[in-house]
Amino acid sequence: MQAFTQLESTVVPLDRSNIDTDAILPKQFLMIIERTGFGPHLFDEWRYLDRGEPYKDCSQRPLNLAFPLNQPRYAEANILLTRANFGCGSSREHAPWALSDWGIRAIIAPSFAEIFYGNCFKNGLLPIVLDEATIDRLFGEVDAMPGYRLRIDLEQQTVVEPNGQVNRFEIDAFRKECLLEGLDEIGLTLLKGDAIRTFEQARQAQEPWMFAGARRLD
Amino acid sequence: MTAQTLFEKLWARHAVLDTNDGQTLLYVDLHLINEVTSPQAFDGLRLNGLQPWRRGSVLATSDHNVPTKAREAGITDAVARRQVEALERNCAEFGLQFFDMKDERQGILHVIGPEQGITLPGMTIACGDSHTTTHGAFAALAFGIGTSEIEHILATQCLLLKKLKTLRITIDGVLAPHVASKDLALALIGKIGTAGATGYAIEFTGETVAAMSMEARMTLCNLAIEAGARCAMVAFDDTTSRYLKGRPLAPAGEQWDAAEAYWRTLHSDPGARFDRELHLDAASIRPHVTWGTSPEMVTDVDGRVPSPDAESDPVKRRGMQQALEYMGLQAGTPIREISLDKIFIGSCTNSRLEDLRLAASVVKGRRVADNIVQALVVPGSGLVKRQAEAEGLDRIFTEAGFEWRDAGCSMCLGMNEDRLGKGERCASTSNRNFEGRQGPGGRSHLVSPAMAAAAAIAGHFTDISDL
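In the order they appear, the protein sequences are chains Y and W. Take 56 as the starting number for the first sequence in this note's numbering and just add one per residue. Take 168 as the starting number for the second sequence in this note's numbering and just add one per residue.
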């Protein structure tokens with residue numbers, strides 16, 4: 056996984072609460088069986104004026120120029136600023152894949168839906184929770200100042216504004232370490248393989264009806 | 168011993184170890200796999216040279232993409248076919264149980280798990296689908312997960328999670344005629360919002376829940392994710408026991424006795440403390456209808472589309488304005504005057520036998536209104552379909568003008584060809600009314616099966632007793 060340490064970037068605003076994973080990546084693109092190629096379809100129904108299809112070229116499609124991602128001032132942004140309960144809805148990890156593939160590395164919002172929040176960390180994407188008042192102010196500044204940039208420092212757990220104002224954010228120690236080091240969780244868990252095996256044997260003795268053999272359907 | 172909640176009991180029973188930074192490695196008993204969220208997980212296994220930790224813990228089937236008619240012709244959409252074939256190939260390669268779409272046991276994973284008795288009390292269950300909360304109705308700990316977590320469970324049999332807070336929702340009182348657990352769930356979401364239970368494990372309890380069938384409890388737990396909860400559960404009782412006994416994969420004989428004796432302990436102890444408590448009065452709940460693009464945008468059938476002007480929070484007000492614009496609705500319109508184009512009865516929320524029986528009881532002897540261009544009934548599994556046919560429900564639906572289909576997720580999310588067209592308005596028994604969810608530009612109103620059936624007959628929303 057790609058490590059995340061620091062990031063300085065322009066910010067793309069999406070001023071709307073409860074943005075769901077169907078909006079982030081519409082369902083027809085869930086049929087793509089690879090892990091890449093979702094970026095052109097990020098927010099597909101809001102970003103384009105026609106309907107997109109999986110594995111079809113997007114370069115000639117008519118754009119919705121009012122949508123922030125299509126505006127030149129936000130084209131290079133790696134930070135997404137948005138509202139409460141971002142990523143609600145389905146568990147599709149295609150949503151963080153699409154954000155990441157488009158170029159987003161950090162998302163700032165007052166709150167996130169839980170499955171989406173967890174999925175971000177598995178993909179080197181940093182979701183940051185700041186309070187509503189700060190978010191309100193950031194929306195105003197992003198809008199007022201073209202080229203507005205924020206600096207994110209994960210080690211320090213800070214979002215620093217151009218005027219030097221520092222906003223601290225909270226993050227689980229484990230998730231922070233995984234992101235900072237770009238650690239692979241499966242590898243880490245497999246190091247505990249002996250403990251899992253011991254637990255499994257005890258569990259099999261405890262609830263034998265749960266286990267294979269008796270639980271084959273064929 | 169300290170009094171424990173059901174959640175705490177299940178959590179402790181599956182905790183392999185606690186890491187020193189507040190995470191728990193939780194052992195997973197049952198892993199359900201679909202075609203949509205799994206291909207990249209299998210690629211990951213191949214890339215890292217890993218094998219599934221315990222093959223017997225996995226059941227896979229295709230439910231999202233499959234056609235619901237003319238199955239013998241196969242899947243015509245080449246992209247969908249490729250994904251369904253990838254799952255079949257991955258299951259063959261890694262030795263996992265797979266029901267193909269011609270198997271009568273195929274269906275929506277959250278319907279077939281319980282139906283086969285593969286979902287059992289006391290389990291931890293994970294699936295790459297957020298509606299996995301459904302299985303919590305069996306006093307199980309059931310989580311929706313992402314693709315990285317699918318790969319993690321395949322490789323390690325474990326899920327790394329931070330312990331959730333507990334929320335007890337006590338529901339008392341008798342539901343009025345034609346009011347279902349779907350209406351209760353929508354009322355709850357309307358009250359606490361779609362992020363109202365984020366960070367919590369819900370336990371539903373109280374006399375209303377105790378009186379519910381397993382199907383009704385599954386609907387309730389299914390919709391907990393729409394309130395933001397990662398999991399939801401109901402304590403084990405005689406209703407759970409009766410539902411499970413004799414299912415193909417439920418334990419039998421002496422094993423059943425041993426299992427049941429343990430399952431009887433799967434409830435919150437008297438005096439157990441919850442982080443948060445909520446109460447609902449079932450008797451006051453009326454049939455509910457969503458009017459917007461989030462399940463929290465809901466009112467009852469006697470209500471009107473609300474006015475954004477009455478909302479003081481500017482972000483919420485804008486959200487309401489956007490929703491009304493997308494839905495093509497005017498503030499103040501009575502819900503009963505909203506006219507419909509399509510009807511969808513199905514999905515992991517409401518496609519079980521009881522749902523179909525309820526809908527059929529409303530439809531019987533009546534005709535779908537002329538303005539309804541399509542009315543679909545999509546059973547949750549091949550076996551639900553067979554049983555419904557044995558009871559003659561299919562004829563009640565088809566004689567009224569409904570289409571009777573094969574099992575799958577279908578128009579809940581429109582990954583197959585069952586979709587809404589732009590601007591089409593649907594009364595749907597599914598779980599999400601997000602923009603574009605049932606088809607680009609489609610307008611979804613979430614309701615119970617009985618309400619969807621009544622809307623099909625009337626052509627607009629109506630109280631069932633007015634038919």
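Calculated directly from the structure, the hints in this document are not laboratory data. Keep in mind that this is a model prediction, so the values were computed, not measured. Please note: incorrect hints may appear among the correct ones.
As the list claims (entries may be wrong) - Straight-line alpha carbon distances no greater than 30 Å define the calculated DSS-like cross-link-like pairs of lysine-lysine that follow:
1) W:Lys332 <-> Y:Lys231
2) Y:Lys247 <-> W:Lys236
3) Y:Lys247 <-> W:Lys412
To be verified - Sample of chain W residues with no beta-carbon within 10 Å of chain Y, all distances over it, derived:
4) Gln190
5) Asp196
6) Asp210
7) Trp220
8) Ala253
9) Gly295
10) Ile312
11) Glu316
12) Thr361
13) Met381
14) Trp423
15) Ser461
16) Lys483
17) Arg534
Stated by the list, open to error - Here are a few chain W residues that face chain Y, going by a calculated C-beta distance under 7 Å:
18) Gln207
19) Ser315
20) Thr323
21) Ile359
22) Ala362
23) Gly420
24) Asp424
25) Tyr493
26) Gly495
27) Leu496
28) Ala498
Each residue gets a CB set at the ideal place from its N, CA and C atoms; glycine is no exception.
These are the hints, each one checked on the structure:
A hinted pair counts as satisfied when its Cα atoms are at most 30 Å apart, and W:Lys332 with Y:Lys231 qualifies at roughly 21 Å. As the CA atoms of Y:Lys247 and W:Lys236 are separated by approximately 47 Å, the hinted pair breaks the 30 Å bound. For the hint pairing Y:Lys247 with W:Lys412, the CA-to-CA distance comes to about 37 Å; that exceeds 30 Å, so the pair is violated. With a cut of 10 Å on Cβ distances, W:Gln190 falls inside the contact zone with chain Y, its closest approach being about 5 Å.
With 10 Å as the threshold on Cβ separation, the claim that W:Asp196 sits away from chain Y is violated: the shortest Cβ distance comes to roughly 5 Å. Distance check for W:Asp210 against chain Y: the nearest CB is about 7 Å away, which does not clear 10 Å, and the non-interface claim fails. Remark: the non-interface label on W:Trp220 conflicts with the geometry, its nearest Cβ contact in chain Y lying 8 Å away (cut-off 10 Å). For W:Ala253, the requirement that its beta carbon stay farther than 10 Å from each beta carbon of chain Y is not met, with the minimum near 5 Å.
With a closest Cβ-Cβ approach of about 6 Å to chain Y, W:Gly295 is found to fall inside the 10 Å limit, against its non-interface label. A Cβ of chain Y approaches the Cβ of W:Ile312 within 10 Å, the least distance being about 6 Å, so the stated non-interface status is violated. Listed as outside the interface, W:Glu316 is inconsistent with that label: its C-beta sits roughly 7 Å from the nearest C-beta of chain Y, within the 10 Å cut-off. Taking the minimum C-beta to C-beta distance to chain Y, about 6 Å, the non-interface status of W:Thr361 is violated against the 10 Å cut.
Its beta-carbon lying about 19 Å from the closest one in chain Y, W:Met381 satisfies the requirement of being farther than 10 Å from that chain. Not every C-beta of chain Y lies more than 10 Å from that of W:Trp423, the closest at about 8 Å, which undercuts listing it as non-interface. Interface exclusion of W:Ser461 from chain Y breaks down, the closest Cβ pair being 5 Å apart, not more than 10 Å. At roughly 7 Å from the closest C-beta of chain Y, the C-beta of W:Lys483 falls inside 10 Å, breaking its exclusion from the interface.
Against the 10 Å criterion, W:Arg534 stays outside the reach of chain Y, whose nearest CB is about 33 Å from its own CB. Interface hint status for W:Gln207: upheld, as the beta-carbon distance to the closest one in chain Y is roughly 5 Å, under 7 Å. For W:Ser315, the interface hint holds, since its Cβ comes within 7 Å of a Cβ in chain Y; the closest pair sits about 4 Å apart. For the restraint placing W:Thr323 at the interface with chain Y, the shortest Cβ-Cβ distance is roughly 4 Å, inside the 7 Å limit, so the hint holds.
Hint status for W:Ile359 relative to chain Y: violated, with the closest Cβ pair at about 12 Å, above 7 Å. Below 7 Å, beta-carbon pairs count as interface contacts, and W:Ala362 has one with chain Y at about 4 Å; its hint therefore holds. The restraint placing W:Gly420 at the interface with chain Y is violated, with a minimum CB-CB distance near 10 Å, outside the 7 Å limit. Given hint, W:Asp424 at the interface with chain Y, is violated; its Cβ is 11 Å from that chain's nearest Cβ, farther than 7 Å.
Of the supplied interface hints, the one on W:Tyr493 is violated, with its beta-carbon coming no nearer than about 11 Å to a beta-carbon of chain Y, more than 7 Å. With a least beta-carbon distance of about 16 Å to chain Y, the hint placing W:Gly495 at the interface is violated under the 7 Å criterion. Interface hint at W:Leu496: violated, since its Cβ lies 18 Å from the closest Cβ of chain Y, which is beyond the 7 Å cut-off. At about 19 Å, the closest approach between the beta carbon of W:Ala498 and any beta carbon in chain Y exceeds 7 Å, and the interface hint on this residue is violated.
Hint violations for this structure: numbers 2, 3, 4, 5, 6, 7, 8, 9, 10, 11, 12, 14, 15, 16, 21, 23, 24, 25, 26, 27, 28, all remaining hints satisfied.
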